[in-house]
Amino acid sequence: MGNQKWKKYWQVLTSNNIGLFGLILLMIFLLIAILAPFLAPFDPTDRVGAPFTKPNSQFLLGTNDVGQDILSELLYGTRISLLIGVIAAFISILLGCLVGIVSGYYGGKVDALLMRLVDLVLVIPFLPLMILLAAFIGPSFWNIVLVISLISWASPARVIRSQVLTLKTKGYVEAAKSIGTNISVVLSRHILPGVIPIALSQFVLAASHSILIEASLSFLGLGDPFTKSWGTILYYAQARGAFLTDAWIWWVLPPGLLITTLVIGFAFTGYSLEEILNPRLRKER
Amino acid sequence: MDKSNLLNVSNLKKTFIKKSGTFLKRKKTEVYAVNNINLEVKKGEILGIIGESGCGKTTTARMIMRLMKETEGEISFEGVNLCNLKDSETNKIRKKMQMIFQDPYDTLNPGMRILDILMEPINAHEKNLPYQAKYQRVVEAIEAIELRPAEDFIHRYPHQLSGGQRQRIAIARAIILKPSFIAADEPTSMLDVSVRAGILNLLLDLRKKMGLTMMFITHDLSTASYMCDRIAVMYQGKIVEIGPTKKIIHKPSHPYTKALVAVVKDLNHFIKNREKLILDGEVDSTKEEKGCPFVSRCPHKEDICHSQVPNLEAIDNGHSVSCHCHTELLERTS
Ligand SMILES: Nc1ncnc2c1ncn2[C@@H]1O[C@H](COP(=O)(O)OP(=O)(O)O)[C@@H](O)[C@H]1O
Ligand SMILES: [Mg+2]
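Chains as they are written, first to last, in UniProt numbering: chain A, 1 to 285; chain B, 1 to 334.
FYI, nobody ran anything at the bench for these hints, they're computed from the structure.
Note that the Cβ used here is the ideal one computed from N, Cα and C, for glycine as well.
Warning: the hint list may mix true and false statements.
As the list claims (entries may be wrong) - Short derived list, chain A residues pointing at chain B, Cβ under 8 Å:
(1) G108
(2) K109
(3) A112
(4) R116
(5) D119
(6) A135
(7) T166
(8) Y172
(9) N182
To be verified - List of simulated lysine-lysine pairs, DSSO-like, C-alpha gap at most 27 Å:
(10) K251/B x K168/A
(11) K177/A x K27/B
(12) K301/B x K170/A
(13) K208/B x K109/A
(14) K177/A x K247/B
(15) K177/A x K258/B
(16) K208/B x K42/B
(17) K290/B x K246/B
(18) K170/A x K43/B
(19) K168/A x K43/B
(20) K92/B x K19/B
(21) K290/B x K42/B
(22) K290/B x K177/A
(23) K43/B x K290/B
(24) K95/B x K247/B
(25) K247/B x K43/B
(26) K95/B x K170/A
(27) K208/B x K19/B
(28) K18/B x K43/B
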């Protein structure tokens with residue numbers, strides 16, 4: 001039965017144009033990330049040309065201020081952007097699941113306390129907070145991941161909590177309790193399987209947010225200077241005045257477009273996953 | 001306390017707080033779902049609990065099964081007071097007392113195979129048994145509930161079974177640990193009429209083979225009279241009459257029991273005496289009234305019924321009723 005269910009999800013996902021489009025975008029980016037060493041004409045850290053070269057047959061997108069190939073930087077940057085997005089989303093979903101399940105299952109004071117915390121995290125304007133946090137703990141790959149996770153676990157926690165609340169009232173959960181099954185088994189055998197599909201769609205949406213946040217932070221110069229993501233490329237472009245010259249066409253526009261496309265890919269996949277898991281949103285076809 | 005009692009319930013109460021109204025005019029009303037219940041279940045007997053929907057039957061069973069904390073009162077099982085146990089101790093007791101739930105479509109996890117569903121109780125209490133022995137227990141349990149051959153069912157998912165078969169699996173889950181006490185909460189009310197008798201006979205059969213003691217909850221008097229040795233009639237969270245099945249059926253003393261019996265027993269008599277017997281009016285368990293809880297629907301009410309709560313009084317050997325007027329009523333009907 002489990003198998004059948006996943007097959008049905010897959011069908012809904014692929015019969016939905018938006019979902020299919022999102023999924024294809026994600027596949028393309030995944031391929032680029034994996035194949036970056038083969039696709040990139042140069043090592044992105046090597047100074048291969050004269051600084052500020054305009055696009056030509058050798059450097060398709062020109063070179064930056066120190067003579068590195070921008071195209072190669074972008075291709076390798078896919079890895080960083082994707083990785084940070086996915087890892088940060090994963091951690092925030094893990095955190096969200098933990099908080100959501102504890103809060104929903106135990107209820108009472110624990111629930112009230114955790115949900116106030118969630119409210120707090122949700123209402124704090126996140127950009128200033130993140131800038132503060134990132135500046136405080138310093139720029140590095142894992143610090144960026146940490147900062148993103150810390151502010152994006154709250155909304156998944158809410159969604160998962162509400163799912164746990166409905167699962168909790170199921171007869172089989174009560175039956176398991178009356179049999180004497182201990183709580184950890186009830187949670188892992190009966191609650192968790194009902195939470196995982198929701199967590200999956202939340203994960204995809206969180207990944208799209210994380211990528212955007214990472215780009216913003218890096219653009220503000222709070223990213224890791226040693227692992228160049230698309231956001232970091234934009235930061236250097238801005239710092240070297242590319243926004244004011246013709247260079248914006250090959251130095252600013254491409255990373256911007258890539259960020260947008262990847263975010264859209266995740267968002268579309270996420271929305272149609274949500275549609276699958278919440279049949280009320282499913283349109284008649 | 002009598003030694004032959006497996007279960008003793010005394011002064012059991014459950015009050016729910018119902019919140020209503022808007023933010024500013026928030027009202028809190030108390031619902032007395034179970035209101036001062038006393039009963040005992042003797043070893044080996046089937047005690048029926050009967051009453052209309054919402055009278056507190058399920059709530060009573062859930063408190064006995066420790067799925068819900070009581071507001072007040074005491075429950076003792078095999079001489080152990082269940083109300084003050086720690087969670088780990090409660091879990092140990094659960095090996096000996098199990099519940100069969102009302103809705104077989106809800107109580108089996110749709111994502112688990114029958115094998116895993118029936119393994120769950122064994123894993124909870126006898127985790128260290130070798131797998132082969134556990135498997136054997138599962139097969140035996142499935143055979144005990146008359147689904148044969150067991151191997152045909154063991155790898156199925158609940159959605160591949162009919163309602164009756166699901167309820168049988170739920171019964172198998174309840175008996176697999178060989179408990180001494182089972183509470184069955186309307187186990188046939190969600191099933192097709194055609195399979196009900198099969199389930200009831202299975203329960204009677206298991207009781208004989210395993211020496212089970214049972215609490216059988218139902219809203220249907222004819223089912224109760226078929227299954228039970230004694231019957232407790234509940235009304236709005238109270239037991240209004242309790243006694244041996246024969247007495248309840250042939251000499252009902254409380255006007256509410258009389259109405260229930262009349263409906264089942266003799267349709268003609270019921271139709272002729274409609275006004276006297278019909279239960280009219282809304283059930284409202286939100287207020288703890290001064291008088292008899294049944295007074296608003298009672299065809300025989302007197303002054304005292306409005307002002308004083310009747311107590312459960314013995315009128316015969318093992319037969320008690322809570323009604324101010326039961327002596328007069330008895331004379332009038334006989
Ligand atoms: N969890 C709960 N919260 C609030 N009220 C409840 C709850 N469970 C039961 N009740 C109320 O308690 C009363 C008795 O319910 P229940 O025991 O389920 O009745 P029965 O099983 O006899 O139909 C009903 O009025 C019901 O609304
Ligand atoms: Mg009920």
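Original post:
Taking only the CA atoms, is the gap from K301/B to K170/A under or equal to 27 Å?
Top reply: violated (42 Å)
**OP:** Compare the distance between the alpha carbons of K177/A and K247/B with 27 Å, and conclude whether the hinted pair is satisfied.
**Re:** Distance of about 37 Å is beyond 27 Å: violated.
Original post:
Does K247/B pair with K43/B here, judged by a C-alpha cut-off of 27 Å?
Top reply: holds (20 Å)
Subject >> Pair hint outcome, K208/B versus K109/A [Cα-Cα no greater than 27 Å] >> reply: This hinted pair is violated, its Cα atoms lying about 47 Å apart.
**OP:** Have a go at the T166/A hint: is there a Cβ in chain B nearer than 8 Å to its own Cβ?
**Re:** violated (12 Å)
**OP:** Mind checking the CB of G108/A against every CB in chain B and telling me if the closest is under 8 Å?
**Re:** violated (12 Å)
Original post:
Under the criterion that the straight-line Cα-Cα distance not exceed 27 Å, is the pair K177/A, K258/B satisfied?
Top reply: Outside the cut-off at roughly 38 Å; violated.
Original post:
Are the Cα atoms of K177/A and K27/B separated by 27 Å or less?
Top reply: The hint is violated at about 33 Å.
Original post:
Taking 27 Å as the top limit, are the C-alpha atoms of K168/A and K43/B close enough?
Top reply: violated (34 Å)
Subject >> Satisfaction of the A112/A interface hint, Cβ to chain B closer than 8 Å >> reply: Where the cut-off is 8 Å and the nearest Cβ of chain B is about 15 Å from A112/A, the hint is violated.
Subject >> Satisfaction of hint between K246/B and K290/B, Cα-Cα up to 27 Å >> reply: violated (32 Å)
Subject >> Pair hint K208/B and K42/B, alpha-carbon separation not exceeding 27 Å >> reply: The given pair, whose Cα atoms are some 15 Å apart, holds under the 27 Å limit.
The structure fails to meet hints 1, 2, 3, 4, 5, 6, 7, 10, 11, 12, 13, 14, 15, 17, 18, 19, 20, 21, 22, 23, 24, 27 and 28 from the earlier list, while all remaining hints are met.
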